[in-house]
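Given only the sequences and the hints, what does the whole structure look like? Please build it.
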Amino acid sequence: MIALETISEKLAVAAQWNESRGTWWLNPGTIGVRKVATVMNEVHARFITITAYQLPGAEGFRLEYHWDLEGRLLGLPFLIAGNSIESIFDLCEAADWIEREVHEEYSIEFTGREYEPLLLRKGDKTGVNLREDPNAQPKPAAIGPGQKEVAL
Amino acid sequence: MSYKIPMGPYHPGLEEPYKLDMICEGETVQDAELNIGFNFRGIEHLAETRNYFQVIALMERVCGICSFIHTLTLCQAMEKLAGLEAPPRAQYIRVVMAELERLHSHVLWAGVAAKLMGFKTMFMTCFALREKVMDVLQAISGNRVNYSMNRVGGVNRDVEDPLALVGMVEDLEREMMRTVIPIFTTSSTARSRCANIGVLTHEKAISCAVVGPTARASGIDQDLRRDAPYAAYAEMKFEVPVEKAGDVRARLFVRALEIMESCRILRQAFTDMPPGEIAVGGDKFAFVTGTATSRVEAPRGEVMYSVSWKEGSRNPARVHVRTPTFANMPAVRWMVRGARLADTPLIQASIDPCYSCTDR
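Line by line, the protein sequences give chains X and S.
Quick note: the first sequence, position 108, residue 301 per the numbering used here, numbers continuous.
Quick note: the second sequence, position 328, residue 331 per the numbering used here, numbers continuous.
Think of the hints as simulated: they come from the structure by calculation, not from any bench.
Glycine residues also receive a C-beta, built at the ideal position from the N, C-alpha and C atoms.
BS3-like, lysine-lysine: derived pairs with alpha carbons at most 25 Å apart:
no. : chain 1 : residue 1 : chain 2 : residue 2
1   : X       : LYS228    : X       : LYS203
2   : X       : LYS228    : S       : LYS207
3   : X       : LYS318    : S       : LYS22
4   : S       : LYS7      : S       : LYS22
5   : X       : LYS315    : S       : LYS22
6   : S       : LYS247    : S       : LYS207
7   : S       : LYS207    : S       : LYS22
8   : S       : LYS123    : S       : LYS135
9   : S       : LYS118    : S       : LYS22
10  : S       : LYS118    : S       : LYS135
11  : S       : LYS287    : S       : LYS313
12  : S       : LYS7      : X       : LYS315
Label-pair ranges, simulated between beta-carbon atoms:
no. : chain 1 : residue 1 : chain 2 : residue 2 : range
13  : S       : GLU18     : X       : GLU198    : 44 to 54 Å
14  : S       : GLY121    : X       : GLY316    : 36 to 46 Å
15  : S       : LYS7      : X       : GLY316    : 14 to 24 Å
16  : X       : GLY316    : S       : GLY341    : 27 to 37 Å
17  : X       : GLU212    : S       : PRO185    : 39 to 49 Å
18  : S       : HIS205    : X       : PRO270    : 23 to 33 Å
19  : X       : PRO270    : S       : LYS287    : 22 to 32 Å
20  : X       : GLY316    : S       : GLU18     : 18 to 28 Å
21  : S       : ILE8      : X       : VAL321    : 24 to 34 Å
22  : X       : SER300    : S       : ASP24     : 24 to 34 Å
23  : S       : PHE41     : X       : GLU212    : 36 to 46 Å
Given below as structure tokens:
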């Protein structure tokens, strides 16, 4: 079994792997996502997905990249202050659709690749599904007709 | 001269909405473009507006075939955030339901594949077998499609007499051994329609990071039930079938062998099911702030949920779903390259695609 330290050594990251709720996390610090993808290819880790989170206010986004290494779930979070991050599509073919989906849902630019045609939506509007406007007024609770408020 | 043939969004074989534009030279496919999103429902966004009861019912509707798997994956992630662990009997019931769902999915797929091969008698045989599995699912859960079995901290319904269901598993196993497996493996119709068709090489399968039977049919030995066990899978003895050819026939073999392994797991789960409670935690849960991830081996491959919660909230802050077809479908482009146009419906069907899952 490949030791997780092999990955941190290859990345030259001082941080330790930390297991939380079944996922092994590593803070990549200032290491770019393309370097991480290259190292994951070297250790034959299988790419799983990218999960995007919008941070409060105008703080940007947190993108969690997940790989599987011999049954262990690895997570590497990347904080992006603006709207863009490098694409890993040319290094990891499996990241194609999820990069396109994150681009569509959050309007995040994955630099170094094209997006057309869009994966889930027709047209050229992006960020219409999961991205929230930080200046928008809070929405009332979405309780539709026939739904009951559940007491806590 | 090359020309483009659109297949879909109303698919002739699979009855699911997606579109494959095939660029052909004569009868040979040179390349293909995939278009999805016809079934997009914005479920991940909807999940943020549902409380911790409603979100389970919502995610059960991501997929009509593996509805149990979706709620299992979600509930496992939510249990991590609530600091709960389902009791042993509930873990066994989860294994039973997951394997019944795998049987139902694989037998359904075998029927659809037989129909696409022009083998309608086998389609009828498979669907008659599937009915038997559906009867057991209904006997346990009261439902045939969305079972409402999972809850945070366990399951909603008990299996009253597990040993009484062993007979059904044996019946199914006998029928598979007597008809379905011999016909699929030895008949010249199945061989001529499936062998060396829609090949996904081992290298390409790794590069595309395909999952489930599609990966195992291309020589990738991976299965979360063994590699990262959840529920009660660590206590089950089973083999993971792997084939190397990477063609439609290999995918057929892998699923046929998995049906037998599912029967083996079901027999163990029914026989060894421990007594005790089926759920913990009551009706009120306190979730901590943070993110939890859960993975489950669905009939089509790995499903992964990332669930994020803010303490004190009753709605999740974010639910991200990665389904197996989302990982497998891009590989179809490589499978159909060089194939005859007439083989492409079967090639597409060979990954057992689910667009309800993919589009969400």
